Amino acid sequence: MPNFVLLWTDAALFILAALVGVYAWRVRRSETARATWLRVARSSSAMGSAVVLLCFVMVGLLDSVHFQPKLPPSPDAPANAPAVYSPQVVSLLDTLLDDTALLHKEKTFSAPLSWLQFTKETILQDGGEPYRDFPRLEFGGAHLDDPEAQWLADVTFRAGLGAAFGLFAGLILAFALLGLIYRARRQTSSDTSLGEVLSEIVKGHSEVAWRAVILTLLIVCLLLGVTFGLASGYHVLGTDRTGNDVLWQALKSIRTAWVIGSLTTVAMLPPAIFFGLSAGYFKGRVDDVIQYIYTTLTAIPGVLLIAAAVLMMQVYIDTHPDLFPTAAQRADLRLFLLCMILGLTGWAGLCRLLRAEALKLRELEYVQAARAFGISHLRVIVKHLLPNVMHIVLITVVLEFSGLVLYEAVLSYLGIGVDPTMNSFGTMIDKSRLEMSRDPMIWWNLLAAFVFMLTMVLAANLFADGVRDAFDPRSRGFRPTRRSRLLAMLKRGST
Amino acid sequence: MTSYILRRLMYGVLILIGVNLVTFVLFFAVNTPDDMARLAIGGQRVSTDAIEKWKVERGYDKPLFINNEVSGTQRLTDTIFYQRSVPLLAFDFGQSDGGRDIGWEIKNRMGPSLALALPSFALGLLASISFALLLVFFRTTRLDFWGVVLCVLLLSISGLFYIIAGQWLFAKVLRLVPYSGFVGGLDMVKFLALPVLVAIISRLGPEARFYRSLFLEEIGKDYVRTARSKGLSERVVLFKHVLRNSMLPILTGAVSALPLLFMGSLIAESFFGIPGLGSYTIDAINAQDFSIVRAMVFLGAALYIVGLILADISYTLVDPRVRFE
Chain A
1 MPNFVLLWTD
11 AALFILAALV
21 GVYAWRVRRS
31 ETARATWLRV
41 ARSSSAMGSA
51 VVLLCFVMVG
61 LLDSVHFQPK
71 LPPSPDAPAN
81 APAVYSPQVV
91 SLLDTLLDDT
101 ALLHKEKTFS
111 APLSWLQFTK
121 ETILQDGGEP
131 YRDFPRLEFG
141 GAHLDDPEAQ
151 WLADVTFRAG
161 LGAAFGLFAG
171 LILAFALLGL
181 IYRARRQTSS
191 DTSLGEVLSE
201 IVKGHSEVAW
211 RAVILTLLIV
221 CLLLGVTFGL
231 ASGYHVLGTD
241 RTGNDVLWQA
251 LKSIRTAWVI
261 GSLTTVAMLP
271 PAIFFGLSAG
281 YFKGRVDDVI
291 QYIYTTLTAI
301 PGVLLIAAAV
311 LMMQVYIDTH
321 PDLFPTAAQR
331 ADLRLFLLCM
341 ILGLTGWAGL
351 CRLLRAEALK
361 LRELEYVQAA
371 RAFGISHLRV
381 IVKHLLPNVM
391 HIVLITVVLE
401 FSGLVLYEAV
411 LSYLGIGVDP
421 TMNSFGTMID
431 KSRLEMSRDP
441 MIWWNLLAAF
451 VFMLTMVLAA
461 NLFADGVRDA
471 FDPRSRGFRP
481 TRRSRLLAML
491 KRGST
Chain B
496 MTSYILRRLM
506 YGVLILIGVN
516 LVTFVLFFAV
526 NTPDDMARLA
536 IGGQRVSTDA
546 IEKWKVERGY
556 DKPLFINNEV
566 SGTQRLTDTI
576 FYQRSVPLLA
586 FDFGQSDGGR
596 DIGWEIKNRM
606 GPSLALALPS
616 FALGLLASIS
626 FALLLVFFRT
636 TRLDFWGVVL
646 CVLLLSISGL
656 FYIIAGQWLF
666 AKVLRLVPYS
676 GFVGGLDMVK
686 FLALPVLVAI
696 ISRLGPEARF
706 YRSLFLEEIG
716 KDYVRTARSK
726 GLSERVVLFK
736 HVLRNSMLPI
746 LTGAVSALPL
756 LFMGSLIAES
766 FFGIPGLGSY
776 TIDAINAQDF
786 SIVRAMVFLG
796 AALYIVGLIL
806 ADISYTLVDP
816 RVRFE
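Read top to bottom, the protein sequences are chains A and B. So the first sequence is numbered by our numbering: it starts at 1 and just counts up by one. So the second sequence is numbered by our numbering: it starts at 496 and just counts up by one.
I should point out that these hints are in silico values taken from the structure, not numbers from a laboratory. Because the structure is a prediction, the values reported are computed rather than measured. Glycine residues also receive a C-beta, built at the ideal position from the N, C-alpha and C atoms.
Partial list, computed: chain B residues near chain A (C-beta under 8 Å): (1) V514; (2) F522; (3) V647; (4) L648; (5) I652; (6) L655; (7) F656; (8) W663; (9) I762; (10) T776; (11) N781; (12) M791; (13) A796; (14) I800.
Which residues of chain A face chain B? A partial, calculated answer using Cβ under 7 Å: (15) L311; (16) T319; (17) L406; (18) G415; (19) M436; (20) V457; (21) L458; (22) N461.
Here chain A stands alone, though its shape is the one from the complex (with noise of 0.2 Å):
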């Protein structure tokens, strides 16, 4: 057994995970929001970029188990001698791809696929003669004895027989679904055959679009296949500066990203719903301090208040080193605070959206029942309005993400956002923009964090406006003010 090490950030997705499948078992059992979460299902672009989310979880969860793998003892240890852990924290996404390109290192940069290194280097010949020339990589291309003309085919017999596979994996979870789906039907209706539910699903009939689900799946099985079929012999997105696989840092600021995105909202969601519901419920004077507390919050500039706190963190932590025993501890818990930080600023905007659905909501004659009734002002607060708010509450958060995605960028690059040390689409930017400037100039590090960004935001997007669309019909009059909205947009212009 590997000594299973469990940072903060790890705790908190596990947990939010668990969070996440507690609040899909109460839909399946509630009605009504069975019904919503349909309309959501019914959207192609949003179950299509669910399914791309869904791949990035699954990455960032397995990212997230982190352990010290024991090592093999050595052959004049006795036989009861205590295991020994490796000094290193890996995770269970690092020991899957321990075959691949992803984990070995070169020694600097080397362009994609390539199986030379980028920059020349003083060669020993045979007879002691020294020359320069680009070396061979240490391990992209290392199997190949005449790269010039096996290299072609080599990497298309890989490239295709990963598709192969991937498209057959793909397939078969395909056809998984398929059954799926027709056992699901037949339950309700007994009389259909697969014929009709296949056409419904190929015609895009079907009440959840299973198609686009099919689709986006096959694809991106065929994109993986690809992928590891040509990371089984060279470095895919090619290296870095320190010769680290750009693809295997790509994956892994999955995981930052998803800290960011999810743990941020998590942070904020309680200060907002506490003091945005007792504002608007209370009104007078408790709404004044309320409201003036948000303002005065809002008023100071977003990325100032985050680079201050951030700022005093920095303190913190360099004047007690001995609270972090190791660089991954610290560079975690640092992660850790910056969502914490994130999340303590940012919460006036649902903070004020709720106040008006509150105060709204508080006139409402079930509310005034229930106060005549004589029950508890908290009893109120927590059984009628915040069930009455919740969507308000899921849409701020579906839609916040991927802005916390891209504003981490921005963070980073200022220099208060995560860890250096530690992978992130920001640090990954943020090394590779003066690599644009060299000649020849070196793309791909730059490539990878703008492909896997934009992949992941533009789902998030998607997914968030099939959610919005779902929730938030026009007809219950929910929009955030026009005002307050803009206002918003337009100071994160500005930065």
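Place chain B on chain A using the hints.
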């Protein structure tokens, strides 16, 4: 109206005091000046004497709120809070931890900041509104659909990429503009063209999509149907009726964002090497100069409040239905 504005101003002052307190607590109570001194001196030169000297030079050697060593009003005035935070309320920013006058720097750097921020803001607003109008004019057609797709794509790309791609394309490949830098006078245009263009494009996605939904909301209203049934052309309906009415929230929003333009843009200024307030702030963050960050926080908060008041006033001016409470 005067009493209304006065009341809003009083509220603004109250918020400024709150901001002042928050920043003071953040900067001095969470971390003692000793910590800051250690950070500023850095490395092996840290010694008790050096820390004391650093603190005395910057006036950080006094107690935080109440000085028990002296008597009378000095008990309150001879403290860090009174000497470092209260002058901020009178916009006296004092000296940075590096020893330079912050007020002087702000005065000098506001120009370049505005030179970048004003054109980006105005042209960006214009571009977004025109694009949104175009989409609304061709609503429910392919053009509208792909336009919205383009908007979503544009808003899913980090602003940093626009800057990097812009510098690569226009400065490195096409060699139309310099990479970065700034000069005064007319040559400024050459240096500002690229940053302004990048700012416009990076704002186009979210804003055009938002304005489109604003226009679409307006277009479903009864008075628009009436205008159409009178036989007015689509062009007249769109520009004379829809645009005018939905410009109200857009313009008041713009008015409230105007004062914040003085703060400059952090990212663009540092990427393009424009010596404005944004890059000043970034330098301060990187040098961990707490005095400058504190001053900028205060300035930003003050400008935000000015923006809020301006928005309130302009709202009541352009829309006669809204009255002063």
